[in-house]
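Protein sequence lines correspond, in order, to chains V and Z.
Numbering-wise (this note's numbering), the first sequence opens with residue 1 and increments by one.
Numbering-wise (this note's numbering), the second sequence opens with residue 1 and increments by one.
By construction, these hints were calculated from the structure, which means they are not laboratory data.
Think of the CB as a built atom: it goes at the ideal place given N, C-alpha and C, for glycine as much as any other residue.
Heads up, some of the hints might be wrong.
To be verified - Beta-carbon label-pair distances, calculated as ranges:
1) 20/Z / 322/V: 40 to 50 Å
2) 89/V / 20/Z: 24 to 34 Å
3) 278/V / 20/Z: 19 to 29 Å
4) 20/Z / 193/V: 51 to 61 Å
5) 123/V / 20/Z: 15 to 25 Å
6) 184/V / 52/Z: 54 to 64 Å
7) 329/V / 52/Z: 27 to 37 Å
8) 52/Z / 193/V: 19 to 29 Å
9) 20/Z / 119/V: 47 to 57 Å
10) 52/Z / 215/V: 15 to 25 Å
11) 302/V / 52/Z: 26 to 36 Å
12) 144/V / 52/Z: 11 to 21 Å
13) 81/V / 20/Z: 28 to 38 Å
14) 52/Z / 81/V: 39 to 49 Å
One-letter residues, chain by chain:
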Amino acid sequence: MTSPLFRGLEKALLAKSSACTLDIDRARPHRVGVALWLLCIVVMATAHNGHAAVLPEDRVDVLYHSYDGGGAEISGPSVLVRKGVANTVSVYANYYVDEVTGASIDVDLVAGATTYQEERTEYSLGLDYLYDKTIMSLSYSSSTENDYEAETVSFGISQDFFGDLTNVSLGFSLGNDTVRRNEDLDPGDTPFEDEAEHRRYSVGISQILTKSFILALNFETVVDEGYLSNPYRQVRFVDNSVARGFSLEPELYPRTRNSDAYGIRGMYYLPYRASLRAEYRALSDSWGISADSVELRYIHPIEQLNLTLEGKYRVYDQTEANFFDDLFPFRNVNGVEFRARDKEMSAFTTDTIGLGISYELPPNWIPFMEKSSINLYWDHIQFDYEQFRDHRDPEALEAGAEEFYSFNANVIRFFFSFWY
Amino acid sequence: MKFILIMVAVLTVSGCSVTPWVKPYERQNLADPIMAFDRDPVATSYLNHVFDAREAMRGADGSSGGGCGCN
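With these hints in hand, go ahead and build the complete structure from the sequences.
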């Protein structure tokens with residue numbers, strides 16, 4: 001989200017007033033518990049030390065996105081429209097589509113070198129309500145695939161403190177998924193269907209430290225319950241009775257997962273009008289996974305050309321889930337042992353470089369629009385797995401001796417933005 | 001836990017009397033669009049989704065939560 005805090009600051013400057021502002025920056029997590037979360041809501045809702053809050057700007061974004069890597073191609077549009085109503089309410093709607101074609105290594109393991117196609121469509125609606133010095137946010141989203149449906153409701157609240165130098169925000173979201181499996185069934189068979197629930201608790205604080213430096217800290221706890229496996233994916237185990245040395249069986253995940261994550265990010269304004277953004281995030285979960293990432297970003301406007309350039313580098317590292325194995329030593333007798341071979345559950349690293357360019361169109365170039373921009377971003381991601389092996393390795397002498405899997409992906413975001 | 005609760009209460013109550021050390025008229029740098037943590041929500045949301053679907057990391061990314069329905 002573009003921080004309303006900054007828009008508030010800008011507005012305050014233009015008005016040459018000392019008006020305080022609010023940040024809506026939504027849902028940020030916490031691990032100290034629901035009690036503290038509820039207490040904070042009460043405290044924030046009754047606090048009276050701020051001034052006027054600012055709702056998000058009216059804007060339209062029309063985005064084309066593309067992901068190409070690891071044998072999968074995913075692309076589609078995303079359209080976001082936001083509009084203020086009566087100075088106290090801002091509503092938005094988002095339409096998003098993923099068109100998937102390809103054959104990833106996960107599909108290849110189970111079904112061989114086949115190509116599949118599917119589509120995911122997501123609709124989101126949201127509302128931000130400004131009351132006195134508080135902004136409350138409510139949103140709903142619905143995602144549909146032919147074998148997966150997800151609905152999520154989110155609530156957030158935020159407020160500035162201490163003369164606009166500090167902003168605190170809290171959030172909660174509840175998601176319910178229905179998981180199915182596309183399959184050919186014999187008459188009388190019951191199709192697979194299961195449920196999953198996701199609860200997210202979040203808290204965030206952003207702090208202006210100097211005239212050129214702002215810092216933000218976020219916590220988020222996520223609780224998952226229900227069917228968390230992938231109904232299509234399988235694990236492999238040693239089987240010397242077949243030529244390739246292994247056989248397959250369905251993966252089996254625990255039906256609960258809890259994770260705690262925190263992130264700290266800062267932005268610094270350089271003396272010659274450019275900015276540096278640094279971020280560190282870390283996660284640990286009940287499946288034994290620890291992960292962290294570091295990202296550095298440099299943003300450089302060229303005012304004479306109405307251009308803004310951006311470059312970034314990100315590195316990510318995670319450990320494996322404690323029930324992950326690339327090749328299990330034997331069949332899961334009685335099917336009671338948790339087993340995963342998803343590459344996302346393996347230990348691995350990613351390295352990402354990203355470049356972006358934005359061009360702001362001349363004022364009034366598009367009728368009825370205060371400002372318009374054309375934007376192109378490219379990200380190149382290198383995935384290097386440390387335990388997940390490429391079962392297709394033709395030079396491997398036996399199962400379990402294949403080379404570790406690696407691949408790279410290119411991600412494109414091309415979009416138009418209009419402010420009105 | 002008690003310490004955190006007390007601190008929240010104290011800081012909230014005392015908030016009215018804090019004098020900002022960065023005045024509103026000193027915030028032109030912070031108000032510059034290039035200082036926004038997230039200038040383009042729709043683009044950031046998509047990239048977060050790309051990473052969320054392929055990494056075990058999730059949450060605390062500074063944006064809103066929500067399901068993705070991706071398997």
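We went through each hint and held it up to the structure:
1. 20/Z / 322/V: 40 to 50 Å: holds (48 Å)
2. 89/V / 20/Z: 24 to 34 Å: holds (29 Å)
3. 278/V / 20/Z: 19 to 29 Å: holds (24 Å)
4. 20/Z / 193/V: 51 to 61 Å: holds (56 Å)
5. 123/V / 20/Z: 15 to 25 Å: violated (41 Å)
6. 184/V / 52/Z: 54 to 64 Å: Check failed, 31 Å falls outside 54 to 64 Å.
7. 329/V / 52/Z: 27 to 37 Å: holds (32 Å)
8. 52/Z / 193/V: 19 to 29 Å: holds (24 Å)
9. 20/Z / 119/V: 47 to 57 Å: holds (50 Å)
10. 52/Z / 215/V: 15 to 25 Å: holds (24 Å)
11. 302/V / 52/Z: 26 to 36 Å: Hint holds: Cβ distance 33 Å, inside 26 to 36 Å.
12. 144/V / 52/Z: 11 to 21 Å: Holds - the Cβ-Cβ distance for residue 144/V and residue 52/Z, about 18 Å, lies within 11 to 21 Å.
13. 81/V / 20/Z: 28 to 38 Å: holds (35 Å)
14. 52/Z / 81/V: 39 to 49 Å: Given about 24 Å between the Cβ atoms, the range is violated.
The structure shown violates the earlier hints numbered 5, 6, 14.
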